[in-house]
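There are 2 protein chains.
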Amino acid sequence: MRIAHVAPLFESVPPRYYGGTERIITYLVDGLVELGHEVTLFASGDSKTTATLVPVRDQALRLDPYPLKSQIAAHLAMLDEVRRRADEFDIIHFHLSHFLHFPFFQDMPERTVTTPHGRLDYKDLPGAYRRWPHFPMISISHRQRQPLAEANWVGTVHHGLPLDLYKPIPRRQEPGYLAFLGRLSRDKRPDRAIEIARRTGMKLRIAAKVGEDDRAYFHGTVEPLIDGVSVEYLGEIGEDQKADFLGNAAALLFPIDWPEPFGLVVIEAMAFGTPVVAWNSGAMHEIIDEGVTGHVVDSIDGAIAAVGSATKFDRNLVRAAFEKRFSATRMARDYAAIYGQLLDTASPGRRIGAMAV
Amino acid sequence: MRIAHVAPLFESVPPRYYGGTERIITYLVDGLVELGHEVTLFASGDSKTTATLVPVRDQALRLDPYPLKSQIAAHLAMLDEVRRRADEFDIIHFHLSHFLHFPFFQDMPERTVTTPHGRLDYKDLPGAYRRWPHFPMISISHRQRQPLAEANWVGTVHHGLPLDLYKPIPRRQEPGYLAFLGRLSRDKRPDRAIEIARRTGMKLRIAAKVGEDDRAYFHGTVEPLIDGVSVEYLGEIGEDQKADFLGNAAALLFPIDWPEPFGLVVIEAMAFGTPVVAWNSGAMHEIIDEGVTGHVVDSIDGAIAAVGSATKFDRNLVRAAFEKRFSATRMARDYAAIYGQLLDTASPGRRIGAMAV
Chain A
1 MRIAHVAPLF ESVPPRYYGG TERIITYLVD GLVELGHEVT LFASGDSKTT
51 ATLVPVRDQA LRLDPYPLKS QIAAHLAMLD EVRRRADEFD IIHFHLSHFL
101 HFPFFQDMPE RTVTTPHGRL DYKDLPGAYR RWPHFPMISI SHRQRQPLAE
151 ANWVGTVHHG LPLDLYKPIP RRQEPGYLAF LGRLSRDKRP DRAIEIARRT
201 GMKLRIAAKV GEDDRAYFHG TVEPLIDGVS VEYLGEIGED QKADFLGNAA
251 ALLFPIDWPE PFGLVVIEAM AFGTPVVAWN SGAMHEIIDE GVTGHVVDSI
301 DGAIAAVGSA TKFDRNLVRA AFEKRFSATR MARDYAAIYG QLLDTASPGR
351 RIGAMAV
Chain B
1 MRIAHVAPLF ESVPPRYYGG TERIITYLVD GLVELGHEVT LFASGDSKTT
51 ATLVPVRDQA LRLDPYPLKS QIAAHLAMLD EVRRRADEFD IIHFHLSHFL
101 HFPFFQDMPE RTVTTPHGRL DYKDLPGAYR RWPHFPMISI SHRQRQPLAE
151 ANWVGTVHHG LPLDLYKPIP RRQEPGYLAF LGRLSRDKRP DRAIEIARRT
201 GMKLRIAAKV GEDDRAYFHG TVEPLIDGVS VEYLGEIGED QKADFLGNAA
251 ALLFPIDWPE PFGLVVIEAM AFGTPVVAWN SGAMHEIIDE GVTGHVVDSI
301 DGAIAAVGSA TKFDRNLVRA AFEKRFSATR MARDYAAIYG QLLDTASPGR
351 RIGAMAV
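Residue numbers (full-length UniProt numbering), protein chains in the order written: chain A, 1 to 357; chain B, 1 to 357.
Quick caveat, the hints were computed from the structure, so don't treat them as lab data.
In this list, chains with the same sequence are indistinguishable; a pair is considered to hold if it fits within one copy or across any two.
Here are the computed lysine-lysine pairs in the DSS-like style, where the Cα-Cα straight-line distance is at most 30 Å: (1) K167 / K324; (2) K48 / K123; (3) K203 / K167; (4) K209 / K69.
Chain A extracted, bound-state conformation (with noise of 0.2 Å):
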């Protein structure tokens, strides 16, 4: 198939220090490419891709140093340079969050497919999507469609990691220690983390940004819980040193109080075999195998019992599931899977014909 993938501009592909979004567009490229596809991607010039590459902004919104940017205009003509392309591919693969793509394809939906990458409870989306309700989507897990039940879902396709990209740790440190990764947020509950830690006696390690909008709350109600010693804080950490932080683990706690439409960190944990304890919320049920990979709790207490569960866990076993239902590869196969059925459907018996030819 002639796939063409359409990133957001706020980061490169893949992006030069965070981003999830444009990690998994990167490992989807790949991984399609890989299976013999010919792919191409729309994306900031400073981006780097086996698939080929169609720049359509210098450099990514975010780390351009030029100090007035339009992210409508730079995405604006993005979406004009796709559309004038539209007849080289069978289908168009977008990856931008809030539909702005759609007036440029609204003459033909059918031809392409667009996985929005956050949450979904926002004020102003379902009333926009019923305006175009046929654009074809797909959701990275069944809990982040909730708040768009209505729009026409054609599939869900959890995240997957290159199989190669984090390793379990054969001789690890002991005893371990708790792990908690991402930004220091009243969403993530850094203080349910350590309150677990504390009362299961374990240490706790936490590798997190302080983002601008989470300082009140970060020097209010985490910092003064950080003695250096029960509760150890990290900082932002590198990608370099994230396995050792996560392979190195016990556990990773992920006690999360919001809608977390996948939760990357949860499967880089279980690439290195490390069990996660993660709060009901979100598509954590979906994402962690009950007893096997981690445990999902409702309460400080259950995630106390769980820990002490998880910590016994057979780590080959964590990492043997990783490797079925989270593998980079696995996540193009679905998503080529669905662009197929895409393409059978708009036109039956199309690509027969082609066959044929």
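Fit chain B to the known structure of chain A by using the hints.
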């Protein structure tokens, strides 16, 4: 003429508090209604207008307490509604800054006109505009066009205010003070205003908001210079305090250091008969009649001499110049004339034909 106006959804029309764009839209829409046109306003549902309101969102985005809002989805839904009803209007006038409407109307640019209300020196604007080069644009000053000089500019219409909105104060307090009104940002250069006042020996009164982004600048640079006697800081003032503040000032200082495309406060001062001393930046040369309504200067020394001169101006002549050049009625007539030209160009003889029926 049947005229549609399409307002941004960030603030209601008129705005509940601050919002220059939405105030101008109010005056323009009311002015066109008074001229006898059939006017429809697409705006948030908390707007109030003499035109026919099409409420496309229950309330304006900025003050909506709902935590998650999508400005893109909100504006897309509005633009889809405008597009569906396009045949009801002779001309559709957009007040959006960054071209979000272009894809919707690319088959009928000649039926639209766009007034961008902000600065245009954003990196992404020229590249995006080149993809829709036929959309007619109206600038709010000649200077505003400069970063997008190649656009299809069909006219410049300076802003205007209703003549009865602000009136000179008959018996002003003497001796007067110098006034500074606006955000306390680096761009507005309150530090220059303070130095000018200090060196002229006149009192400076500052009425201004300190935005989130400007806090560090305010505390570091401006606050140490406020002594409460020769430099007085009043905080943000409401619409009801503006008459007293501007009307009693000997002159308004506007020593900006950015390409201000218009500068609404400058004509507000003139409405009270208050002359303006402004820096040679942005559209100031177009707005100020040198030696009549104020002076445009290049240096602190120049500003000091200008204050000496301007405070001796005949304030009746300042008001007279305001009435001649910056009334809302003049603004509405100017826009209506451009609409007429656009319609004649789009379909010559059309209006004559309509008269014959």
